[in-house]
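Undergrad: Here is how the chains run, residue by residue.
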Amino acid sequence: MIDANVTLEGCNLTRSFGDGDTRSVVVHDVSLEFCSGEMSLLLGPSGSGKTTLLGMLSGLLQPDEGQVVVLGQDLWRMSERERELFRLHHCGFIFQGANLMPALTARDHLEMVLRWGERLPWSEVNRRVTDMLGLLGLSRKGHLLPEHLSGGEKQRVAIGRALIKQPRLFFADEPTSALDWEHGKHVVELLRETAHGGATVVMVTHDPRILNYADRIYRLEDGRLLGADAPTESAVLGAP
Amino acid sequence: MRKPYSLKILWHGRNRFLPAILAVSFSAVLIAVQSGVLLGTLAVTSRPIDHASAQIWIGIRDMPSIELGHPIPEAWMFRLQAQPEVEEVEGYLYEFAYWHKPGGGSEHCCIIGARLEGSSMGAVNDLSPQMRTRLTEPGAIVVDATDLDRLGLKHGVGECAEIMGQKVRVVGLVHGFKSIWGPYVFCSMETARRLLTMYGADQYQYILAQCKSSADVPAVVERLQHRYPEMSVLSDRDFSVQTRLYWLTRTRIGVALGLTSILALIVGLVITSQTLYAATAASLREYAVLRALGLPRWRISTLVVSQSFWIGLGGVSASVPAALLLGRFAGFVGAEIQLPIWLLAATIAITMTIALVSGLLALRSLRLVEPANLLR
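For the protein sequence lines, the chains are A and B, in the order given.
This note's numbering runs 1002 ahead of the 1-based position in the first sequence.
This note's numbering runs 74 ahead of the 1-based position in the second sequence.
Here chain A stands alone, though its shape is the one from the complex:
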């Protein structure tokens, strides 16, 4: 682990969906913390609330109760605009699908974030995009549309799109679920390198092959946190 400072902390987070008789509590009083330089996993069976928890930690889904402190700021006490700017400056996301625009090339997707988000000049954009494509192993495929990229390459473009603005926090929701292990492994290695480069990476997964890449694992079941530890010590704490 490198520079293990707490950058993200969730305190007593609770989230439910529905009203009245249909109300179900998906995440119940969960407290946990994440450090820079670590890749942490949120692990649990389907319906355990791990994705909902990721949403609350990342500023996408408001908790019913509890607090998220991120880089020293209370995320859910910010205005919507402030949270949007916070995500712009500090957060990267990847989701299950690559969600790339079919009309835009791999390079366009990376450029768009820097041009529209960071408003960088073209010379700087070109340099950073070229570097990122090299890091992703896509130097010769920057001009290709998503339809001409493999599933793994598309997901790497999605990672590149999230990484190119050099976020301090990186949230990934089952990024390898649609990939074979060959491509999935490459994606996970990229995320681990990102974490060991100083970022805080939080990943939701149910893929056991990823466990050995994680620095910290949180296991959830029925919306409750069972425990946390490094995988080398107990593989997955709370596992049956």
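Simulated restraints, written as ranges between beta carbons of each label pair:
no., chain 1, residue 1, chain 2, residue 2, range
1, B, P395, A, S1048, 54 to 62 Å
2, A, F1019, B, K77, 37 to 45 Å
3, A, H1091, B, I336, 45 to 53 Å
4, B, K77, A, G1139, 20 to 28 Å
5, B, I336, A, T1024, 45 to 53 Å
6, A, L1073, B, K77, 35 to 43 Å
7, B, A355, A, N1014, 33 to 41 Å
8, A, R1226, B, L442, 27 to 35 Å
Short, incomplete list of chain B residues facing chain A, as computed with Cβ under 10 Å:
no., residue
9, W85
10, Y361
11, A362
For lysine to aspartate or glutamate, the following DMTMM-like pairs were computed, each having C-alpha atoms within a straight-line distance of at most 20 Å:
no., chain 1, residue 1, chain 2, residue 2
12, B, K286, B, E296
13, B, K77, A, E1126
14, B, K252, B, D200
15, B, K82, A, E1149
16, A, K1143, A, E1155
17, A, K1167, A, E1126
Hints in this document: simulated from the structure, not taken from any laboratory.
It should be emphasised that the depicted structure is a prediction, and the values quoted were computed from it without experimental measurement.
Built from N, CA and C at the ideal position, the CB exists for glycine as well.
The hints should help you fit chain B onto chain A, whose structure is shown.
TA: Chain B in isolation, oriented as in the chain A frame:
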């Protein structure tokens, strides 16, 4: 030069966007051609004024347009001649009559009688010197080439017919005077008087004048109008505009063409808006990722509105040549479509506005963009 993202999206989805581009193009062509037809039709109504050299037209009080004049006394000529700025004065006849076709049947026609000398202020400048010479013969007339069918004539020149029971003979043909209510029949003042027996020898329908300097026209018009309220005194330009406006506002021609244009705009608006809405709705997840990454909503909105801009531009780019071609084709079949630059520019402006409005309407689909929906 980098292609804008919106243009790339449009090109990549060209099959999806083609109906919208065609709808915009259709709207633009319809607006341009409808307006061109209107302008062409209105221009025909004032053509006897526009193609004559008279600078001042005098008629009965409150005459709304050229074809709604009444007989006025010849004595009014003296009022004009008394103005120091006026150089020349002459009478002019313009009246409807019945044309009896040589093969049977009748048709309304509009007789225009004027002096025929080279200095004539009433004779249209389309009458060549040879025609003017032939028109001095009793009963000689000139008609528009495209009205021959309507007049029951085959070749025109040399053929005879009757107007109000009087024999007339066609001695020449002009072009561009296809009237909307009855064919124009150009003749000498003498022939006109013989055909229009309701006019006394000392009556005209209009009195025309020319000033020594065209700069004097407004002052003379104002002075005469003030001094003689029983007369209508108009400059040629004002009379021309008044005649066209009368036809535009007092008949349903402008309303009908205007409604068709509005309908075309609505069709373009709805198709473009719905196409953009569907395209945007199909990309909600892609836009949601951008929102999750913190890219501002206005950037995404601009992307959608930019697509509507390109759709509009594509539509008008296709429509301008199409409208010009239709205008040319209409000319071949005797119809008149006027497509001046200002009309094309106005059509482009209206169409682009409609395309952009449709882009703004499509933005409602962006309300559905919700980054939290990306979490499964």
